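Engineer: Chain A is fixed; fit chain B onto it per the hints.
Letter by letter, the chains look like this.
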Amino acid sequence: MEAIKNAFDFSDFPRNDLFVALLVALFLLFFPFFSKSTFAMATVIQFLMFSLYGMGWNTIGGYGGQVDLGKAQYVGIGAYTTAVMLIRWDIPFWFSMPIGMFFAVCWSFIIGYPLFRLKGHYFAIATIATSLVLKDIFEVWDLVGASRGLEISPIKYIPPDFLRLIFNADIYYYYFILFFFFIGILYVNWFRQSRLGFQLRSIKDNEDVARSLGINVHWAKVKTYAIATAFVSFVGSFHACYIKNLEPEDTMSLDISILIALMAMLGGAGSLWGPIIGAAVLIPLKTYLKEWLGAMGGLLGIDLIIYAGIIMLVSAVEPKGIWGIVEKIRRRKRA
Amino acid sequence: MAFLELNNVTKSFGGLVANDDISFSMEKGDLIGLIGPNGAGKTTLFNCISGLYPVTSGRILFDGRDITSLKAYEIARLGLARTFQVYVASGDLSVEENVMVGCFMRTRSTSKARKRAHEILEDLNLKNISESMVSELTVAAQKRVTMATALGSDPKLLLLDEVAAGLNPNENEEIMGTIRHIHDDLGVTVMLIEHVMELVMKISDRVIVLDSGKKIAEGNPQNVANDPQVIKAYLGERYVKEHEGDN
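Here the protein sequences come in this chain order: A and B.
Okay, so the first sequence: first residue is 318 according to the numbering used here, each after it adds one.
Okay, so the second sequence: first residue is 8 according to the numbering used here, each after it adds one.
FYI, nobody ran anything at the bench for these hints, they're computed from the structure.
As the structure is a prediction and not an experimental result, all values here were calculated from the model.
One thing to keep in mind: the hints can contain errors.
[Claimed, not checked] Cβ-to-Cβ under 7 Å is the rule here; a few derived chain B residues that face chain A:
#1 Ala-79
#2 Ala-83
#3 Asp-99
[Said to hold, decoys possible] Pairs of lysine-lysine residues, derived as DSS-like cross-links and limited to a Cα-Cα distance of at most 27 Å, are as follows:
#4 B:Lys-119 to A:Lys-540
#5 A:Lys-452 to A:Lys-561
#6 A:Lys-645 to B:Lys-134
#7 A:Lys-473 to A:Lys-561
[To be verified] Counterexamples of contact, computed for chain A against chain B with all Cβ distances above 10 Å:
#8 Ala-357
#9 Ile-427
#10 Pro-431
#11 Tyr-439
#12 Ala-446
#13 Glu-566
Even for Gly, the Cβ is constructed at its ideal location relative to N, Cα and C.
Bound-form chain A, shown alone (with noise of 0.2 Å):
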């Protein structure tokens, strides 16, 4: 009960923070109603992936200090167990989502038990060979499709079906993913106020310290880990079900797990509301780029140069993203 009430408890944040947090909510609840541009929509369901994927990498990565480049392996395992039940048994998302999960959180088990002997970043370097090799594994595993990928073809199914989650509309997807997104904060706020959360900020700062006031420091690391994982491995399975079309090399490249770490870094790591104003920038920058700078073929990749020099402007001036800076400003006006 104390968790639910937790998880509803912003009391701590000031009031204009939860004026615009409002504001922003109720602009994604009627978003669909007065923009009918596709393109837009399908950008904010960008958005809103990439927040919940980035509110997963936060409770590791932000509030615990672990950073992982590896996210994208989570998307992976999520994304085609879903695919992969769904076009070769008809298992639908409800059910290959969860086993997904399960998968995904076994995996982190397995890789993350060993790598929490790493710290900062050597443990941030082996996620990324981590994630690597699990993608040129899929690359050449035949039945998850190897480099060919996987197709859920719609016209098999009567949309929309909400069962398997295949709609032909977008809007379908938009306030699924909303509803989501909304849990997810929700879980995230009481996460931080949890003994889990208090024991992760306290690791990120000293881990002797943490030890010597009782926490099992790499337990603690394990589990976030793995907490972090079924956040990516839902949306992974989401993926599946909304792009229809799997290849390890979009699904699980090194873009999405940098582009991942990068938001929550940039909005600010080891905060609520840090992910969710990365994504809000990186997002709709990496849509515009592609559709501008991609029709010029010479240009492409140029994306990629802008990420690296937000992480190097992130980290020399200003380590706790936006976010740090409106809490710098706030700090500033009070003294």
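Structural biologist: Chain B only, in chain A's frame:
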């Protein structure tokens, strides 16, 4: 059986022996000072007791249990808390949140942890800064916050590592009052490292002196202060020779 008992504890880093065959014991309710010049191995000994370092040889017993090979967090859960010398308190968390991390050792509930943290902050006269970020506080206040955090875990034995280092005389008095309060009123057994001799001498029932990793003296503060070996350790051989026959 003693409350805390060290039997021939040795800790070496490669060829360097930081703690050499140290044995002592303390009873419930003691307030013991651990002193010694820089590099004597005081903090290393704390790290061994609290489980952050594995000991090279020897045994450590706490409250009737052999804790020699337990992990740091397991030892903490048995009721052995400590503060750190260099680390002060989390810069990212407010004072109240810091103390709550300690309280979470005994409860899963956020509201209970917050309530307990309030009680402790009230008790240590830190209530007025409970909303501040730790990085905004003075060193003296930060040190009291680390003590409050350790108290949050409801310890039976509290190891304090140089809580008075770098403080001015007024702040020293204040810290001493806090230590006394924790020991006398809250009934926590305390062991403190200090290299400000004066403070230890005033406050401790018993003093243990380390020098170059070895225990060179143990006893009540007056006797220890007059022990030639201790004077030598602190002030050097020449000082002792020059002042021989002074008293």
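Engineer: Could you run down the list of hints and mark each one as holding or not?
Structural biologist: Outcome of the hint check:
Because the beta carbon of Ala-79 (chain B) sits about 4 Å from the nearest beta carbon in chain A, less than 7 Å, this interface hint is met. Here the hint on Ala-83 (chain B) is kept, as its CB sits about 4 Å from the closest CB of chain A, short of 7 Å. Checking Asp-99 (chain B) against chain A by beta carbon gives a least distance of about 6 Å; that is within 7 Å, so the hint holds. For a cut-off of 27 Å, the pair hint linking Lys-119 (chain B) to Lys-540 (chain A) stands: about 23 Å separates their Cα positions.
Our distance criterion of 27 Å between C-alpha atoms is met by Lys-452 (chain A) and Lys-561 (chain A), whose separation comes to about 18 Å. Taking the CA atoms of Lys-645 (chain A) and Lys-134 (chain B), the gap is about 24 Å. The hint holds against a cut of 27 Å. Distance hint between Lys-473 (chain A) and Lys-561 (chain A) is fulfilled; the C-alpha atoms sit about 12 Å from each other, no more than 27 Å. At the 10 Å boundary, the C-beta of Ala-357 (chain A) stays outside the reach of chain B, the nearest C-beta of that chain being 37 Å off.
At roughly 23 Å from the closest C-beta of chain B, the C-beta of Ile-427 (chain A) stays outside 10 Å, upholding its exclusion from the interface. At roughly 18 Å, the least C-beta separation between Pro-431 (chain A) and chain B is larger than 10 Å, which holds for a residue marked as non-interface. Listed as outside the interface, Tyr-439 (chain A) is consistent with that label: its C-beta sits roughly 21 Å from the nearest C-beta of chain B, beyond the 10 Å cut-off. The beta carbon of Ala-446 (chain A) is kept farther than 10 Å from every beta carbon of chain B, the shortest such distance being approximately 28 Å.
Distance check for Glu-566 (chain A) against chain B: the nearest CB is about 38 Å away, which clears 10 Å, and the non-interface claim stands.
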